[in-house]
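Novice: My request is simple: use the sequences and hints to build the entire structure.
Chains as they are written, first to last, in the UniProt record's numbering: chain X, 1 to 285; chain F, 1 to 285; chain P, 1 to 285.
Wrong hints could be hidden among the right ones.
Heads up, simulated DSBU-like pairs for lysine-lysine below, C-alpha to C-alpha not over 30 Å straight-line [as the list claims (entries may be wrong)]: (1) X:K202 - F:K202; (2) P:K243 - X:K271; (3) F:K44 - F:K67; (4) X:K243 - F:K44.
FYI, nobody ran anything at the bench for these hints, they're computed from the structure. These numbers were taken from a predicted model, which means no experiment stands behind them.
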Amino acid sequence: RHRPPPWGRAARSLPGLPPGPSRAFSNSKVLVELDESSGVATMKFKSPPVNSLSLEFLTEFCISLEKLENDRACRGVIFTSAVPKIFSSGLDIMEMCGKSTEHYAEFWRAVQEMWLRLYGSNMVTVAAINGSSPAGGCLVALTCDYRIMVENPKFSIGLNEAQLGIVAPFWFKDTFVNVVGHRVAERSLQLGSLHPAPEALKFGLVDELVPEEKLQEKAATVMAQWLALPDHARQLTKSMMRKAVLDRLVAHREEDIQNFISFISKESIQKSLRMYMEMLKKKKG
Amino acid sequence: RHRPPPWGRAARSLPGLPPGPSRAFSNSKVLVELDESSGVATMKFKSPPVNSLSLEFLTEFCISLEKLENDRACRGVIFTSAVPKIFSSGLDIMEMCGKSTEHYAEFWRAVQEMWLRLYGSNMVTVAAINGSSPAGGCLVALTCDYRIMVENPKFSIGLNEAQLGIVAPFWFKDTFVNVVGHRVAERSLQLGSLHPAPEALKFGLVDELVPEEKLQEKAATVMAQWLALPDHARQLTKSMMRKAVLDRLVAHREEDIQNFISFISKESIQKSLRMYMEMLKKKKG
Amino acid sequence: RHRPPPWGRAARSLPGLPPGPSRAFSNSKVLVELDESSGVATMKFKSPPVNSLSLEFLTEFCISLEKLENDRACRGVIFTSAVPKIFSSGLDIMEMCGKSTEHYAEFWRAVQEMWLRLYGSNMVTVAAINGSSPAGGCLVALTCDYRIMVENPKFSIGLNEAQLGIVAPFWFKDTFVNVVGHRVAERSLQLGSLHPAPEALKFGLVDELVPEEKLQEKAATVMAQWLALPDHARQLTKSMMRKAVLDRLVAHREEDIQNFISFISKESIQKSLRMYMEMLKKKKG
Chain X
1 RHRPPPWGRA ARSLPGLPPG PSRAFSNSKV LVELDESSGV ATMKFKSPPV NSLSLEFLTE
61 FCISLEKLEN DRACRGVIFT SAVPKIFSSG LDIMEMCGKS TEHYAEFWRA VQEMWLRLYG
121 SNMVTVAAIN GSSPAGGCLV ALTCDYRIMV ENPKFSIGLN EAQLGIVAPF WFKDTFVNVV
181 GHRVAERSLQ LGSLHPAPEA LKFGLVDELV PEEKLQEKAA TVMAQWLALP DHARQLTKSM
241 MRKAVLDRLV AHREEDIQNF ISFISKESIQ KSLRMYMEML KKKKG
Chain F
1 RHRPPPWGRA ARSLPGLPPG PSRAFSNSKV LVELDESSGV ATMKFKSPPV NSLSLEFLTE
61 FCISLEKLEN DRACRGVIFT SAVPKIFSSG LDIMEMCGKS TEHYAEFWRA VQEMWLRLYG
121 SNMVTVAAIN GSSPAGGCLV ALTCDYRIMV ENPKFSIGLN EAQLGIVAPF WFKDTFVNVV
181 GHRVAERSLQ LGSLHPAPEA LKFGLVDELV PEEKLQEKAA TVMAQWLALP DHARQLTKSM
241 MRKAVLDRLV AHREEDIQNF ISFISKESIQ KSLRMYMEML KKKKG
Chain P
1 RHRPPPWGRA ARSLPGLPPG PSRAFSNSKV LVELDESSGV ATMKFKSPPV NSLSLEFLTE
61 FCISLEKLEN DRACRGVIFT SAVPKIFSSG LDIMEMCGKS TEHYAEFWRA VQEMWLRLYG
121 SNMVTVAAIN GSSPAGGCLV ALTCDYRIMV ENPKFSIGLN EAQLGIVAPF WFKDTFVNVV
181 GHRVAERSLQ LGSLHPAPEA LKFGLVDELV PEEKLQEKAA TVMAQWLALP DHARQLTKSM
241 MRKAVLDRLV AHREEDIQNF ISFISKESIQ KSLRMYMEML KKKKG
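Specialist: This is the structure:
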């Protein structure tokens, strides 16, 4: 029953791009495997130690996602981590510390691009969250259609930007509100909360918890359930639900980049980030 | 305590229309009984086999609702089914298959009209859901002020349009989001889910479950509770809550009709609907 | 650990206003105590018999709040009642009955001002709800960052305006929807519900319940948790979450005052309010 049904994937390839054969491709940061029989790809984050979203990571992520988006054989993607105990630690602080204005602009545009492509993807997207997922890592999960998390209470998830003295941008917030509602989002964002898996389930931040050894199987089952629907109607429905929030960033994209640059360039913010990095180093040492 | 309180129903009759005496009126598709002592009407859907929302049904529904709306003696309406096991199966697929553009336009305008009148009704509206209620049937329930469903898990409710390869229009979506929130709506609409009664309760899609034999009694009790409030303040409050969503359809009504026509006229959609009807016939056979 | 962390309170004093020393100040309606070591003020409502929000109360409330807002030593405020069994009974009906148009305008502007300052406050605001909290009293609680209520089921909370034949203004509604979501707000506002403490918890109208003797301790603990975050990031986050709703009133402030005046001046409304006051007097008598 995992075979694509007859309504599967109308021609979505770009003109001139032949339908892709089954394949696995790997960059240095992400590993992609596509199972042609089910139409499901798995994208594994493999950027140790913590899968931080560096400019390089984001670039490879977007290229890989676009390849899949344009591949007729692919109808859904499962995102998971190849690094133990961490899904993704979020935006790479190194990219936001002591760099040039041009670098900040390039980095922020890449973060936006990742979100725009993933939140607006025509494919079914499932996050198989096999580790902690703070800040930008949480955003990646929130941006998917469905979230399954390992039931280990040591793994936590949340938009904890406020803990670092920074502010989640409005489109992180919009995505969060769409998932957990206004009240939970307001409290969680102000407190910069990292929710242990059971609490994340309670708030609807993730859709279900499973034992670690069942995660991939569960993700495949959920994916099959979503792929049982005709692609076209499902895609139009998804687009209808997300359009307002996607359009808001598209309309304010350059302004959002300028806001990021002026905020991140402040000496007080740079100091906070350096202190935070020091703290992380000490924790490890 | 079921007598209308002094604040009940300010003059809402149209000029020239005398205040109505107690009455029952029946068209071929809906049966209306008004209990003058309580000010409560019951509208029963009696269009076997499945109370589908045909053009004829919708026309009679709107005429009946308008009569009640203009009747000083009526302050609230309970909607229920006279057909066993089904509340309403939703929009009549026959009206959307192999018909002329003019017919599609007339039909869609009637669907809009039903929703506009019901969602914007000054009366208290209670859905007593005594059977399954997919698609447009679910919309009728969502559009009421309160939903009571028979606790039979064989009865299900949901906006399952995606299952048929079609897309719920934006105002179905808006109504759904207002009831269950964005996250539940997004998932349920993409999956075209039909929720068994207990799950519908859990998601807030219905407000409570009762045994079938208690349904009418419960509906009357709930109605009395809502009618204990002064009409005027309750009506203004209801209007304040629903205005944004009502205004959106009013502002885009013709565009929405054109969208429906161009979508439904597609050969691929016509084919999906024919396949779905075949499936329904086989099920019965 | 209650000492302000290094990031505590950037210079927010108005120019020329020296940083305030620790102090307690009392007007006739509110009593304010500031604990400099923790940076936390407690504002106690002491306007017996029911802490109704009279023009005088609102004026003192706003002046006190502004003093704290401009006091570097203060980072958070706990609101509670010095009157047994009641947090606040809401807007003072005496101010809305048989007064001049000018008085209605002045009163309504004061209500708006209270909400604008409290909902937009840079400080952490915690409601320690030690009694019933109907209508405007509920609004004060909803406007805080966090709500802790005494677990006594005899204490209830809600926007019960509809019970009095009046309508909660759109910004009461917006604040309510931001806390409990659209569905709960729609039902509760139409029914003018007063929710006993356990039900209020279930609906998310309050965040937790505690025994009366633990209330102040719990409020202090929660406050310390919120103050553990850097002020600047928390304030920007709070502002991002609330800006849309705050801006709506700012944009329609004069219109909202005119609406209030024309509504409250109606003879039917005046009659309803007089009847309600008679009922209250009889209850006491």
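Novice: Determine for every hint whether it applies to the structure shown.
Specialist: Results of checking the hints against the structure:
1. X:K202 - F:K202: Since the Cα atoms of X:K202 and F:K202 sit roughly 13 Å apart, the hinted pair holds (cutoff 30 Å).
2. P:K243 - X:K271: Between P:K243 and X:K271 the Cα gap is close to 28 Å, so the pair holds against 30 Å.
3. F:K44 - F:K67: holds (15 Å)
4. X:K243 - F:K44: violated (38 Å)
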